[in-house]
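**Q** Given next are the chains, with one letter for each unit.
Number of protein chains: 2
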Amino acid sequence: MEQLIQKIVQGDKRSAAKAISIIENDSQEKYELLQHLYRFQRKAHIIGITGAPGAGKSTLVDRLIQEIRGQGLKIGVIAIDPSSPFSGGALLGDRVRMQNHATDPGVFIRSMGSRGTLGGLAKATKEAVRILDAMGNDVIVIETVGVGQSELEIMNVADSTVVVLNPGAGDSIQAFKAGLMEIADIFVINKSDLPGSQKLYHEIELLIEMTKQQALWKPPILKTISTEHQGIIELWMALQNHFSFIKEKGILDRQRKQDLEKELEEILHHFFQHRIEKWKKSDFYQIVMEKIYHQEVNLFDVAKQTFEQLIGEKKNR
Amino acid sequence: MEQLIQKIVQGDKRSAAKAISIIENDSQEKYELLQHLYRFQRKAHIIGITGAPGAGKSTLVDRLIQEIRGQGLKIGVIAIDPSSPFSGGALLGDRVRMQNHATDPGVFIRSMGSRGTLGGLAKATKEAVRILDAMGNDVIVIETVGVGQSELEIMNVADSTVVVLNPGAGDSIQAFKAGLMEIADIFVINKSDLPGSQKLYHEIELLIEMTKQQALWKPPILKTISTEHQGIIELWMALQNHFSFIKEKGILDRQRKQDLEKELEEILHHFFQHRIEKWKKSDFYQIVMEKIYHQEVNLFDVAKQTFEQLIGEKKNR
Numbered sequence: 001m002e003q004l005i006q007k008i009v010q011g012d013k014r015s016a017a018k019a020i021s022i023i024e025n026d027s028q029e030k031y032e033l034l035q036h037l038y039r040f041q042r043k044a045h046i047i048g049i050t051g052a053p054g055a056g057k058s059t060l061v062d063r064l065i066q067e068i069r070g071q072g073l074k075i076g077v078i079a080i081d082p083s084s085p086f087s088g089g090a091l092l093g094d095r096v097r098m099q100n101h102a103t104d105p106g107v108f109i110r111s112m113g114s115r116g117t118l119g120g121l122a123k124a125t126k127e128a129v130r131i132l133d134a135m136g137n138d139v140i141v142i143e144t145v146g147v148g149q150s151e152l153e154i155m156n157v158a159d160s161t162v163v164v165l166n167p168g169a170g171d172s173i174q175a176f177k178a179g180l181m182e183i184a185d186i187f188v189i190n191k192s193d194l195p196g197s198q199k200l201y202h203e204i205e206l207l208i209e210m211t212k213q214q215a216l217w218k219p220p221i222l223k224t225i226s227t228e229h230q231g232i233i234e235l236w237m238a239l240q241n242h243f244s245f246i247k248e249k250g251i252l253d254r255q256r257k258q259d260l261e262k263e264l265e266e267i268l269h270h271f272f273q274h275r276i277e278k279w280k281k282s283d284f285y286q287i288v289m290e291k292i293y294h295q296e297v298n299l300f301d302v303a304k305q306t307f308e309q310l311i312g313e314k315k316n317r
Numbered sequence: 318m319e320q321l322i323q324k325i326v327q328g329d330k331r332s333a334a335k336a337i338s339i340i341e342n343d344s345q346e347k348y349e350l351l352q353h354l355y356r357f358q359r360k361a362h363i364i365g366i367t368g369a370p371g372a373g374k375s376t377l378v379d380r381l382i383q384e385i386r387g388q389g390l391k392i393g394v395i396a397i398d399p400s401s402p403f404s405g406g407a408l409l410g411d412r413v414r415m416q417n418h419a420t421d422p423g424v425f426i427r428s429m430g431s432r433g434t435l436g437g438l439a440k441a442t443k444e445a446v447r448i449l450d451a452m453g454n455d456v457i458v459i460e461t462v463g464v465g466q467s468e469l470e471i472m473n474v475a476d477s478t479v480v481v482l483n484p485g486a487g488d489s490i491q492a493f494k495a496g497l498m499e500i501a502d503i504f505v506i507n508k509s510d511l512p513g514s515q516k517l518y519h520e521i522e523l524l525i526e527m528t529k530q531q532a533l534w535k536p537p538i539l540k541t542i543s544t545e546h547q548g549i550i551e552l553w554m555a556l557q558n559h560f561s562f563i564k565e566k567g568i569l570d571r572q573r574k575q576d577l578e579k580e581l582e583e584i585l586h587h588f589f590q591h592r593i594e595k596w597k598k599s600d601f602y603q604i605v606m607e608k609i610y611h612q613e614v615n616l617f618d619v620a621k622q623t624f625e626q627l628i629g630e631k632k633n634r
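So the protein sequences, as listed, match chains A and B. 251 is the number that the numbering used here gives to position 251 of the first sequence; each next residue is one higher, with no gaps. 469 is the number that the numbering used here gives to position 152 of the second sequence; each next residue is one higher, with no gaps.
Worth flagging that the hints you see were computed from the coordinates, not collected in a lab. Treat the hints loosely; a few may be bogus.
Said to hold, decoys possible - Listed below are the simulated DSS-like cross-link pairs for lysine-lysine, each with C-alpha atoms no more than 25 angstroms apart in a straight line:
#1 B:Lys579 <-> A:Lys30
#2 B:Lys516 <-> B:Lys535
#3 A:Lys262 <-> B:Lys535
#4 B:Lys579 <-> A:Lys123
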């Protein structure tokens, strides 16, 4: 494990990939890994990019990688795979994309599915970000389809969140409904050469006015045509602006502190779960569950008694 | 609380709505409520209905309510609101729909958003189902937009899951990607009068063949035009078939037992969280968090020590 960490810190991609697999499998080893990772100061700018399927996120991220690499910065990408929690695995597009940057030591791309991530995808994403951070990446991009509650939770991991929309098809209303208005730090109208681009711009402008009246940060609305590399520099500048903003206002500090509090709680619950698992292996457990099922005892009463038994009643508490 | 439970059992809608609010707010009161609810034997058939936005789920559920009411059965509906975790509240359409059945004492409809449900929407849904079950509903429908990890988790609460698709627009591939293939017990092609209906039918058929080769239950594919009340009786029959199937094969029993195990664990973690919250109010906690933030101590080591402190080292364990 010590060796694995060392290689990760040296930026070794295979070791980082292996570490992410450990996280995905949520094994006991994971906590040994995390224990080492907590030694490293976090410094990367974590960017979330979200939007409906087909909005052009992958291409946009691809262009952003080029831009960021052009400035000599290292970048790590976690592409959250919305595919099945059962079949698992990355989408074909991601695999192809990964190959584009396979020879560049300054780019690390990894798809993460929901398979095996027992603790939830948002938690696994946060842990994977720690690995990418330890690798020495300056920028970490989390890319996900912007639908559903867990996707919103994933975006909470990011320092700066980009919501990608397309002209036409009532995208702004969908975004509003899906809760994307509140998490967006930057709006991107991609495929902005399509008809309806200006209309969408005004719709978003209106929604920002409505929802962000008291906000310190008003999300800029950028237009991009990622297939033609248009607007990418502007996006990167806007991202840097936002990062400076949250650093200056102490927002980043506060968020990182909250993250640590959350992580501490999660580890405590993990330890507790470990104790529950032990208890579940007892014969007594099987008997009790049968009794609960046949309504001979109340589930809640059993929980109370078991808790006392598992933790013991401490004095002076 | 005792009185609230009594009213719920008598089928009082306002009391049920109040109880669901208690669950949504995840307050201490909630566990008192659950404690009482665990007294009641579960008997309702829990139906999940999922599909992309605009697939016609709401209308389909509306027609299904009519069908089920026509047989004198009581029905409860939980419409999961995919809207913002920040703005909260139900969509307008749901409010309108609720009014359609407001005067029927045998129909209870409630929207649930993600706002305030700290423990996750799937957990809150499961708890709300307990309330609807205690009300004496014969059928409980959970309706949700079929995208995202948490929506799949919500569908795990259901005994029988219906995936609603529409002809055209590559719905079958999207469904496959989103993991809906694995959770579907019944497929419904709604708006089946639209072009491409037969094509979609064959696509789903092929996907079922590919993914369900070893499955005991092969999901039927039904065609409906819910706006014209077509195929609704067939859907209700298919749902009853599936429920009989899982009862006969012992699948329902096994699922319910697993649910109880999960619920027991969740309550144990809730008790533990309560203890963590107490600890977080100490001055010591603030000092430790500052030290973690400034990397003077390792988060993981603190977690270990804190756990020992919180639970005490029990002998013979």
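**Q** Identify every previously stated hint that the structure contradicts and give their numbers, smallest first.
**A** The structure conflicts with hint 3 only, although it agrees with all the remaining ones.
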